[in-house]
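Student: Residue-level listing of the chains:
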Amino acid sequence: MFAGHSILVMLAVAMAGAGICLALTRPRQILATIVAVCAIECALAADIWAVVLRDGSVTAAAEWFYVDAFSAFHLIVLVLVFLLSSIFAGVYFAGEAEAHAFSLPVARRFGALWLGSLSAMMLVLVSNNLGIMWVGMEATTLLSAFLISLHPSRLSLEAMWKYLLICSVGIAFAFIGTIFAAASLQSSGGVEGDALFWTRLNSPEVHLDPTLMKFAFIFILVGYGTKTGLAPIHSWLPDAHSQAPAPVSAMFSGFLLNTALYCIMRFVAPARHVLGGDFVNGLLIFFGTLSIVVAAGFIVFQRDAKRLLAYSSVEHLGIITLGFGLGPLGTFAALFHTLNHSVCKPLAFFAVGRLGQRFGSHDMHVLSGVLRADRLWGLALLGSVLALIGVAPFAIFMSEYQLLRAAIGSGAWLVLVVFLAAGGVVFISALRHLIDMAYGEPHAELAAPHNGAAAVLVVAASLGLLLLLGLWMPGWFLGALGAAAAVLGARP
Amino acid sequence: MPALLETIAAIGLVSCFALLGTSRIGACIRWLSLQGIVIGLVPLLAHDGGFGLRVLLLACGNIALKGVIFPLILLRLRARTDYHREVEPFVGFVASVLFGIVALAVSLWLALALQPALRHAPFLMLEAAIFLVSIGLFIIISRRKALMQVIGYLILENGIFVFAVITVVTTPLLVELGVLLDAFVAVFVMGIAVFHINREFGSIDVDQLTALRG
Amino acid sequence: MTMSATGLHWFLSPLCALLLAPLLPGLINRTKALVAGRRGPPLLQPYRDALKSLRRGAVYGAATSPLFRLGPVVNLAALAASLLVLPFAGIGAPVGFAGDLIVLAGLLALGRFATMLAALDTGSSFEGMGASREAHFAALAEPALLLALATLVRVTGAVSLTPIYAAIGIATWAHTLPTLALVALTFVVLELVENSRIPVDDPNTHLELTMIHEVMVLDHSGPDLAFIQYAAALKLWVLGALFVGLVVPLHGGSLWLDGAAALLGMAGLAVGIGMVEAAMARYRLVHVPQFIVGAATLSAVAFIVYLA
Amino acid sequence: MDVFLVALALLWVGGGIAAVLRARPDAAQIAGQAGAVAGSAVGLAAAIGVLVSGRGETLVAFWPMPGGELNLAIDALSAFFLLPVFGLSLLTGLYGRSYLAGRGNAAAAASWFHLNTLTVAMALVIVAANGLLLLLAWEVMALSSFFLVIADDRQASVRHAAWTYLVAAHLGTSFLLVLFVLLGSAAGTGDFSGYIGVLRGNPALSSAIFLLALIGFGSKAGIVPAHVWLPEAHPVAPSHASALMSGAMIKVGIYGIVRILTMMDAPPAWWGWVLIAAGASSGVLGVLFALAQHDLKRLLAYHSVENIGIILLGIGIGVLGLAHGMTTLAVIGFAAGLLHVLNHSIFKGLLFLGAGAVQHAAHTLELEELGGLLKRMKWTGTCFLIGAAAIVGLPPLNGFVSEFLLFYSGFLGIAGASATVAAAGLIAVVAMGLISGLAAACFAKAFGVVFLGTARSHEAEAAHEVAPPMLAAMAVLALLCVAIGAAAPVVVRSLGVVVAQATGLAAPQVRAALAPVAGGLGNATAIFAVLALAAALLWLVRARRLAIAGAARGPVWGCGFQHPTARMQYTASSFAQPLTTQFRLFIGSRERLVPPAGYFPETASYASDTGDPFLRLLFAPGFRWFSRVVAPLHVLQRGHIHVYVLYLAATLVGLLIWGSLWQ
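Chains as they are written, first to last, in the working numbering: chain F, 2 to 493; chain L, 14 to 227; chain C, 947 to 1254; chain B, 12 to 674.
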C-alpha cells in the first residue's frame, strides 16, 4: 500500500473506531474493537515506518501531512503503547470491582475517548502544519480528561480538573509560541501562507528572526513542557496518574508525555538553526536535570505506588529531555530511552493497577508479598521497577549508559554527577519499597489469581522486549534511531 | 481604520478592568461576552487586506462563539451550580484592579519591546493582547470559583486570538477553524467538569480540591 | 638447605636446647627460693616432674574429644621444630633460609592455638577463661615480637635469623646502642609474657582465677602434662635464645668458647628472671596489656630511632 | 575459548531447566546441579589449560550495541581468577542439592538458576575485554546474587539485607559506569586495548581511573567502609551461595583493580600507599568486628573483609615496589596478594560450607546455642578445624604460605635501601602480625564454642552428621588447604606467569625473584615434615605409656566443680570480651553487663552486641538526614491549583526575562 494513503487511512480508522464504540452495545465488544483497531494501526504504522526508512519521508494531502524518521519512530512507539494498553484494558476492566462496574455507558465513553485520544496523538505526529499539531495536542488534553475521571469520584474529579485547566493554559502558551515562530518566518520576508509548515520553517534557505524565534521557543518549551511534565510545571502529573484507571495512567506515562515532548523537539531544529546550539541545549539540559532532581526528591517520601511511578515518569522524561540537549549521541540515547521507558512504565502501571484491584489499595504498605499473591503480576512489577531504576540487563540500563557517554563526550560533568546522584536516590528509595511490596507474605488473604492468556502475553511481550533491547540492538533499529536523530540535525 | 481599532482596544481593556472589579459572576459573564464580540471584529480591521470570505467567516465564527454561545453556556452553568453568586477571590477587588494597572504598564513596555520585531502589528492591539493574556492568567490564579477560572481561560484565549490575528498575516483557514473548534470543545468539557465537581462537592469552590498532595 | 654451622656441629644447638631447657625453670625457682631465704627445689626438679608425670596414667574429663589429647603433642612438636631455625650463639641454626623468622613465629602460633583449643575442649569455664586471656595477650605479643625482629632486620639488612645474629657483634652494639638495647628489652618482656612469668602471671599460685597459662592445662594429666611441662621449658629456651644471641654477641670463631658464653648467658637470664620474680608481684590483669603494648612501643621507637 | 563457552552454556542450560521445571522441584534440582557441576568442571579445565599452556585465548565478535563489542580474552590473569570461580561453583553445586533438600520447594529449585547465572556472570566479568560487556556482566552478577540473598524472603531482616546489598552494588556500579565511559570516550573504543592506548603516558587520567576503580571495584570486594553489605548479605544467603559469594564474587572486585593496574604505566608511589592504607584498615577492622560477632556466618563475613585487607596489603606493597623499581619486592608483593586470593577462596569456601552444615544439623548459627559438635559431626568438625587453622595462617596450611609471602615482602622492604619503603614494610608486617594474632583468637573462639565443650542447646545436642555430598565438597577443600601448604614451593613457582602479567615484568625476572622465596618455602615444608614426624612420635610414646599406665574417663579437678553443666562453659561473648573491651573504640560494640552483687549474687550476665559501626554511625544517619532534608519538598505540592498555575506563570516570566537578557 502506498504510504501516503496509509497515513490518511490510519487517522480514518482511529476516528471510525471511536465512532463505532459509541454504537456498540456490549462492553466486551468495545474492548475487542479497541484491540482490533490498535492492531490495524500497528500494521499501518509499520508500513509507514518501512517506507520512511527507505526514502526518508512521506507526505500526504498536499504537504499537510508529513512523516519523517523522527515522527515515524514516535508513531511506532505510540501504536505499541496503545496496543499493549488496550489489551491490558480488557484484563483490567474485566477485574473491576462492582463499585466501578464497567457498565455500557462507561464502556462507550472509554472506547470513544480512548480511540479519540489515539487519533489526536496521531494527528500531532503526522501533521506538518504546526497549527494543526497544536490543535491535535489541545484535543488530546480535552479528550483524555474524562478518561481520568472515568468513574467520577472526588479525587478523580480533582485530578481531572487540575489536568484540564493547567494543561489547557500551558498549551495556550504553546500556541503563542507557534504564532511567534510563524511571525519570525514572516517578518523576515518569508513567503506568506505556509508560514506554519514545519518543512518550510526547517528548510535551510529561509532566514528566521532570532528575537522572535527565541521567544517562540521559550513559549513552546513552557507550554508543551507543562504537558511533558517538566519540573517545576509537572504539578498536575502525579495527581492525574494516580487517579486515572491503570490503562489510562499507562497510556499517559507511556506516550502522552512523549507526544508533548515531540512537539517541543519539532521546534528545536529551527531554533538551533537560528539561535545556535547553546541556547536550546542549555534550556533542555536545565529543565531535564531539574526534573530529574525534583522527581528524585519527591520519590523519597511517596506512599502511593502509582504516585511513585508518576514521579518516576517525571524523572525519565527529564532524562529524555536532558539527552536531547546533549548533542548527537545524546539525541540518540534520548530516542532509545523513549522507547524503553514507553515499554517499561506502562508495564509497571499495569502491574500496580492489577495488584491494586486485588489488594484494594495502591498504598505501598498494603501491597506486600505480591510475588506470592499473584506470581505473574508480581514478576511484572519486580521486573519493570527494577528496569526503571536502571538495573541491567534491561534496556534502560543501556540507554542510560549511552546518555552517560553523551554527557562525558560533551564534558557536562556537573550534569553527570547530578544525574548519577539523583539516580542513586531514586534507586535507594524505590528499591526499598519494591522489595517490601514484592517479597514477604501478603498481609491480606487473597483468592488464587486467574490470569488469562492476554495478561501473560502483555507481561511476556513487554519484559521480553526490554531484555532484548538491553542485550541486542539490531542494525536496522540502530539505523532507524540514527535517522530519527538526524532529523534534529544530529547523526551519531 | 485605526480609530475603530483603538476603540476596540479601549473596550477590551475596559472590559478587563470590569472583570477584575465586579463581584458578581453574572456580570463577569456579560462583560466577557461583550469582550468576545468586540474581539471578534478585530480580523475585519486588522489587515487592510479587505474582506475576504476567509476573514468574514472567521469574524462571524468568533463573534458567535465567544460573544454568544460561550456566555450562554456559562450562564446556564451558573444557574445550575452556583448557589451564592459571589466571586470570592483570594485577592480583593481593589488589589485586583491595582494589579490590572501594573499589568497594563508592563504590557505596554512589552509591546514596545516587541514592536520592532513585529512591524506590521498595530501597536495598541499588541498591547491589548498581552494585557488580556496577563489578566486571564491573573484571574485563573486569584479566583476561587471554577467558573471564574473558566472565564479567566477564555480571556486568555481572547488575548491569544488577538495576538494571532494581528501578527500572522494569513494563517490557513483550516487552522483557524481547528483553533475555534478546540476552544469550543474546551469550554464544553470544562463546563461538564464544573458540573460534575458541583455535584460531587456541593460547590464549585476549587479551594476544596486539595486532597491530592505530595 | 644451607648448613650454617660447619661440619657436624649443626645439630648442637637443638641438642643443647632439648637437653638443657628444663634447667631454666629449675634455675629460676632455685634463685627465687634462695633470694627468699629458702633452700628451694633441686635444679633437676623439672626433669623429675616431667618423668614422673610421663609414667603416670591419665584421666580425661567427660566433655573432651581427641583434640584435647592432641593439643600438648602438637604444642611440643611445634616448639621442637622451631629449634631447627633457632640460631644459638656462634652455632648457627641447623636450617637457615630467607624468611625463617616467619616460620619461627608461625610455629609459636601453632603451639599456642593447639593449647587454646585443648583448653576449650574441656568445656570448663576455668580453662575457657585461661584460653581467652592467652588469646588476648598473644594477639598483642605477636606484633611486638615481629616489631623487634623487624628492627633487627633493618639493622642487619638480613631476612634470616642466622645471618641476623651472625651480623650482630660488638661493633654493631657500638654504633646502634639505643636501638639494640630497646630491642633486647622487648625480648625480655616477651620472654616473661609468652612464658607467663611474674609480673604477668604466677605459675605457682594456687588461685585459678588469676592464672593465665596454668589454668589452661589444669585438666591435663599423665604424659600430656609431661609434654606440657617440657614444652614450657623449651619455650623459655627459644625466646631466651633470641635475647641471649642479641646481648652476648661473641663470635670468636671458636665453637666451644662461643657456646660456653651463650650457655652462661642463658643461665644468667634464668637467674635474672628468678630475681625479678622474687622482687616483683604480679600485675593486675588489666595492666598486662599495657605492659605488652609498652614492649611493642619500645621496638617501634627502636625502629624509628634507627630509621632517623 | 570454545571449551569456555561450552562451560557457560552447560551452566546456563542447567540453570534454565531448573527455572522452567520449578513446578517439579526434584527434577529441577537435579538439572541445576548437573549443569553447575558439569559446566564448572569444563570451565575449570579451560582455565587450567590456559595456565598450563601459557597461551591466552581471545574471541572477538560483533555485538550490536553502540560502544560495545563481544570481546573475550582469557590470559593468565583471567585464568587464575577463573580458578576460584569455577572451582567453588563446582563444589557448591555438589553441596547445594543436599543442603536444599530440606526445603524442596519451587523457590529452592529456582535458586539454581540464580546460582548458575552468578557463576556465568562472574566468569564473563573476568574474561570480558570490553568495558560495556564487563559492566553488563557485572550488573548481572549483582542481580543474580541479590536473588540468592533474598531467597529466604519471609523474614524482614533478610529483605533489609538484600536491599542493603543491592544498594551498595548499585552505588559501586555508578563509579564503574563513570570509569568505563570516561575511558571509552577518551579512547574512542570500548576495548581494553584502546584503554591501554590512552592510559599509557597519561598520569592524570590514570590516577583518576585508579581511584574510580578502587572505589567501584573495592565496594564489591568489601573494602572498609564499603564493606557494610557483606555482614548483612552473606549470613542470610543459603550457605553454598554465601560460599560462592564470599569465596569468588568479592575476588572479582580484586580482579577488577588488578586488571586496571595492568593497563597503566608504572604506578606512582602514592597508589601503593593508598592500597596499603586501605588494606591495613580493612584487615584490622575486619578482624576486630569479627571478634565481636556471635553469629557464625556474620563472623565469617567479617573475616572476608579482613582477608580482602590482607590481599590489598600484598598488592599495595607490590605497587610500591613497582613505583620504586624494586622488582623483587613488586613480584613478591603481588605473588602474596594473588596467592591469598586463591587461598582465601579455598578456606573461606570451606568455612561457609561448614557453617552451612552446622546450620543444617543444629538449625542455628548462634554461637551461644552451639557446642560439642565435634563429637557428633566428626568430619564436618575436622574440615572446619582445618579451614580455621588455614585462615589463621598456621603452618603447614595454605594460609601460612601466602602470609609467609606477605611477611617476607614486608621484611624485604624493611631490609631494603629506601626509608619510605621500609616504613611501608613495617606497617604491613605489624598490621599482619596484629591481624593474625586476632584471627587466631577469633577462630579459637569460633571453633571452640561451636565444636568443642558440650552442647549449649537441645538442637546442638540433636545434631547429626550431614549428607556425604556435603562432606565430599568440604573434604576436597580441606585437602586443598593441606596440599597447597605441602606443595608450597611448586605453587609459588607456578605463580610466576600470573605475577608476570599482573606486574608487567618479564617472565625471567619474575622467576628469578620468586626462586629464593620458593626455596625458603621448601625448607619450611621440610621443617613441617619434621614437625609432623615429631608429633607422630610423641603420639606413639603417649599411646605406649597410657597403654601401660592406663587412661580413665571421669571427673577431673575442675577447680572443685564436680558436676559442670553446659551453662558453666565460657561463652563466646565472654571469650572475646577482653579484646572487644580493649578495642571498644574501634568496634563500638554495645555491652550489657550485669555485675554480680552482694555475697550471694542471684544473677550476673554479660552480653555484647555489635552492629556494624559504619552502618550504625555513618550510613543509617546519613540516609535519615537526607530524608529529613527532602521532606520540606512537600510544601511545593500542597494541592492548590492556583499555586500550580502560578508556578506556570512564574516559570514563563522568569524564562522570558532570562531570554530577553540572553544574547
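Worth flagging that the hints you see were computed from the coordinates, not collected in a lab. Misleading hints may appear alongside valid ones.
Covered stretches of chain B (chain L as the covering partner; in silico rule of three or more C-beta atoms under 8 Å from a C-beta of chain L) [unchecked claim]:
no., segment
1, 197 to 203
2, 656 to 667
Some chain F residues judged to face chain L by a derived CB distance under 10 Å, without partners named [to be verified]:
no., residue
3, PHE174
4, ALA196
5, PRO239
6, ASP305
7, ARG308
Note that the Cβ used here is the ideal one computed from N, Cα and C, for glycine as well.
Student: For every hint, state whether the structure bears it out.
Tutor: So, going through the hints one by one against the coordinates:
Counting residues of the segment 197 to 203 of chain B whose CB lies closer than 8 Å to any CB of chain L gives 0, which falls below the minimum of 3, so the coverage claim is violated. Residues of the segment 656 to 667 of chain B with a Cβ under 8 Å from some Cβ of chain L number 3, which satisfies the need for three, so the listed coverage holds. For the restraint placing PHE174/F at the interface with chain L, the shortest Cβ-Cβ distance is roughly 9 Å, inside the 10 Å limit, so the hint holds. Proximity of ALA196/F to chain L holds as hinted, the smallest CB-CB distance being about 6 Å (cut-off 10 Å).
Checking PRO239/F against chain L by beta carbon gives a least distance of about 8 Å; that is within 10 Å, so the hint holds. This hint holds: ASP305/F has a C-beta 9 Å from the nearest C-beta of chain L, less than the 10 Å allowed. About 8 Å separates the beta-carbon of ARG308/F from the nearest beta-carbon of chain L, less than 10 Å, and the hint is met.
Checked against the numbered hints given earlier, this structure breaks only hint 1.
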